[in-house]
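Let chain A serve as the given structure and place chain B on it in line with the hints.
Sequence lines, in order, name chains A and B. So for the first sequence, this note's numbering puts the first residue at 1; every next one is plus one. So for the second sequence, this note's numbering puts the first residue at 1; every next one is plus one.
These are computed hints drawn from the structure, not numbers from a lab. Any given hint could be a false lead.
Per label pair, the in silico range of CB-to-CB distance [unchecked claim]:
| id | chain 1 | residue 1 | chain 2 | residue 2 | range |
| --- | --- | --- | --- | --- | --- |
| 1 | B | 80 | A | 536 | 24 to 32 Å |
| 2 | A | 582 | B | 122 | 51 to 59 Å |
| 3 | B | 84 | A | 425 | 54 to 62 Å |
| 4 | B | 137 | A | 501 | 47 to 55 Å |
| 5 | A | 221 | B | 46 | 40 to 48 Å |
| 6 | A | 568 | B | 80 | 28 to 36 Å |
| 7 | B | 43 | A | 221 | 40 to 48 Å |
| 8 | B | 84 | A | 475 | 53 to 61 Å |
| 9 | A | 498 | B | 46 | 36 to 44 Å |
| 10 | B | 6 | A | 595 | 34 to 42 Å |
| 11 | A | 75 | B | 96 | 25 to 33 Å |
| 12 | B | 59 | A | 546 | 29 to 37 Å |
| 13 | B | 80 | A | 512 | 32 to 40 Å |
Residues of chain B placed beyond 10 Å of chain A at every Cβ, according to the derived structure [what the hints assert, rightly or not]:
| id | residue |
| --- | --- |
| 14 | 15 |
| 15 | 17 |
| 16 | 29 |
| 17 | 36 |
| 18 | 43 |
| 19 | 79 |
| 20 | 101 |
Here are some chain A residues the structure puts well away from chain B; computed CB gaps all over 12 Å [said to hold, decoys possible]:
| id | residue |
| --- | --- |
| 21 | 95 |
| 22 | 516 |
| 23 | 556 |
Backbone N, C-alpha and C define an ideal beta-carbon position, used for all residues, glycine too.
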Amino acid sequence: MHSFFFQAFIYLFAAVVSVPLAKRFGLGSVLGYLIAGVIIGPNVLRLIGSEHHAVMDVAEFGVVMMLFLVGLELRPAVLWELRGPILGMGGLQVLATAIVIGGAAMACGQAWQPALAIGFIFAMSSTAIALQSLNEKGQLKTPGGQACFSVLLFQDVSVIPILAFLPLLATIKMSGAEGQEHGPLGSLPAWQQALLVLSAVAAIVFAGRFLLRPIFRYIASTHLREMFTATALLLVVGIAQLMQSVGLSPALGTFLAGVLLAESEYRHQLEADIEPFKGLLLGLFFIAVGAGINFSLIATHPGLIAALVAGVLVLKFVVLWILGRAFKLDNAQSFLFGFALAQGGEFAFVLFSFARSIGVLTSEIADLLMAVVALSMAVAPLLFTINDKVVQPRFTKRRAEREADQIDEHDNPVILAGFGRFGHVVGRLLRANGFPTTVLDHDPDQVEALRQFGLKSFYGDASRLDLLHSAGAEKAKIFILAIEDDARGLEIVQTVQQHFPHLQIIARANSRQHAYELMKLGVTEIYRDTLGSSLDLSVGALRALGMRGRRAYRAARIFRHHDELAMRDLVNWLSDENAYISRARQHIENLEQILKSDETRLEEARDPAWEPGYDGA
Amino acid sequence: MAATNRVLILFAHPALEKSRVHRYFIRGLDSMEGVTFHDLYENYPDLHIQAPREQELLAAHDIIVLQHPFYWYSSPSILKEWQDLVLQFGFAYGDNGTALRGKKMLTAITTGGPEDSYTTEGFNRFTIRQLLAPFEQTAHLCGMEYLPPYVIHGIHRLTQDEVNTHTAEYHRLILALRDGTADWQKARNWPRLNHDLSQILLPAQTDHA
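Isolated chain A, as found in the complex (with noise of 0.2 Å):
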């Protein structure tokens, strides 16, 4: 129909400027993609077609891939430990779904059997939309995002097993073949099946384990970038074709590579150079799901899927939020675990087709499903945003206000907001030299962690008036601003000045713009946290380099009194870029001259300041 040039032209043009318009209305790049799906699909401009089947295969490979990169991340003893929340949380959840889903379908008139398909069917999550979203914002490392990811992972192994235990479940008589398409292998003895997908995985781990490293040494050898990438996307491939040869996720095959791979020295590489074409097939992946909404059969019934996605967004969500509390994730994290993992997965289309083609679901039923799924996974990324700008915000605060410690320290003369890698320096030195200091910190497991080590700080938001009048502020003489967050320190400074001017402030800036930010509040005492830091290992390479010690030292100390100084000036220049990038060179400049000359006058045979007693004769 259309020439490849053609299709390419239309998907890279739909997603370079759906894309950033998504991102700058906060809506995040999964709903970008989906919205250029959903505009160049066949409902809309029909720029796409019938080939879009095809764009979906290749686009798949996009989750196989961004699954082989979180391998590379995870270390195996990081897996390890993730193996209680991988089984405990990925299991309950997906049979809990099951039941729960499998149930309000029986309750719709459903046999048990089928019921029981669509309940697991829909007990899949999308990996791709999720972890990208969490990605995205940072989320992945908390300890919702944690448990997001070791319920997707359980998700992506309990395929195989759904797969195998669907057929059972078959209650309509097929005509011919259809039955049989699951699969190369499915004619084999389920022993024979079994002993194939084992020695796949341990030729894997085999691989994994003693051959790649070498092979990965031999390519890098000879230097030619390109050969590592195709190496690289040889190997993702490979596995990917040997998983789908013994019906195992080709995702999960990559995950284990990747795992093993992790601990090797080409990790960064590899993952610099499969990156980009994980996220490109990624954003393939996302216009091939909104192409793929089937809007005529929507228009038919639209109440029924309207209410079809909402029943199955919140009761997944149910499910989700009490077994992240059941788990010990606190409420807001339990927020996010359930927003995140609403949606319906990319597995289901797959499983939904299966299900169709050996019996246990109609095909009306199921392609009424698939639309649902296609649907959440369109909603998905406004549950983020929803769960971001609504949901959050209100449980930060309405946590600060429940938990906050109470201060038993009145009378101390100073007030340390802040007591990470930071603030607690601070914190123990001032109390090492016999002052007392009231700390207080906004997270909860820092101010436990730090506990343990004897250190002690009251849970609280410094930016709240009374928690500064109970932490004795009336009476301080100094106020440290330790905390990383640049937003909050500022709002906290103000928060200080407005009602406690008698307050010292002594400032922490964590970046140059934080400092003239705070600079324009009329803040003094401001330190930036990087570049103390940063000089004393400069002081090191130049002593590495065979410069004197006390030289070394001298250079780190000029340059740091000639940048404050610079800071001074150029915080007068802000809202003139080119002026302040003129004058910023120019400090630059003189710096270097600054010294430079001190080298030179080092230089000299005769120095005046240090010869006084030198007659001139």
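Showing chain B alone in chain A's frame:
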């Protein structure tokens, strides 16, 4: 010849890059047996001197050499900091401060001004020995014998040959101090120890070196 004295050289030069003399003087000092070369600015570029470590070093040596350029009629600042922190009551002086008793101290300095500027009539109005009185009295308070100072004057006018000669001489002096073959009693009233080194270094030893 048995090494009889352990020599500690406390070296203080904030800008060795511009040094005319000291950079040659210090070459090879750290490989002399029985001699400890201790570069203060290099060890404490931030002037954060560790007193206990310095006191251990002092206790482990018999002759302390303060080698430095003569800045503002005194030492570079780190040596003053060193005195303030290391020569503590109870260690260096006071009732129980006997750790340094019986040791010897030698000042080895270089000046830009020529020798005749360090006279009562000269540009600097005082002699080197007068100007070094704080060091001499410090040594005295700590029960140490303060040797006549080793001084190189007018360093800006030295030729490289002269620098080399002085370097060899200085190294010979250090070895003689180590081996107990230097007769500084003769130099007791000289303006400087190296006024005429050949008289001080015993012949047997000078032949050796």
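Hint check:
no.	hint	verdict
1	B:80 with A:536: 24 to 32 Å	26 Å, holds
2	A:582 with B:122: 51 to 59 Å	54 Å, holds
3	B:84 with A:425: 54 to 62 Å	28 Å, violated
4	B:137 with A:501: 47 to 55 Å	54 Å, holds
5	A:221 with B:46: 40 to 48 Å	45 Å, holds
6	A:568 with B:80: 28 to 36 Å	33 Å, holds
7	B:43 with A:221: 40 to 48 Å	44 Å, holds
8	B:84 with A:475: 53 to 61 Å	37 Å, violated
9	A:498 with B:46: 36 to 44 Å	39 Å, holds
10	B:6 with A:595: 34 to 42 Å	41 Å, holds
11	A:75 with B:96: 25 to 33 Å	58 Å, violated
12	B:59 with A:546: 29 to 37 Å	32 Å, holds
13	B:80 with A:512: 32 to 40 Å	38 Å, holds
14	15	5 Å, violated
15	17	5 Å, violated
16	29	16 Å, holds
17	36	18 Å, holds
18	43	7 Å, violated
19	79	13 Å, holds
20	101	32 Å, holds
21	95	63 Å, holds
22	516	29 Å, holds
23	556	9 Å, violated
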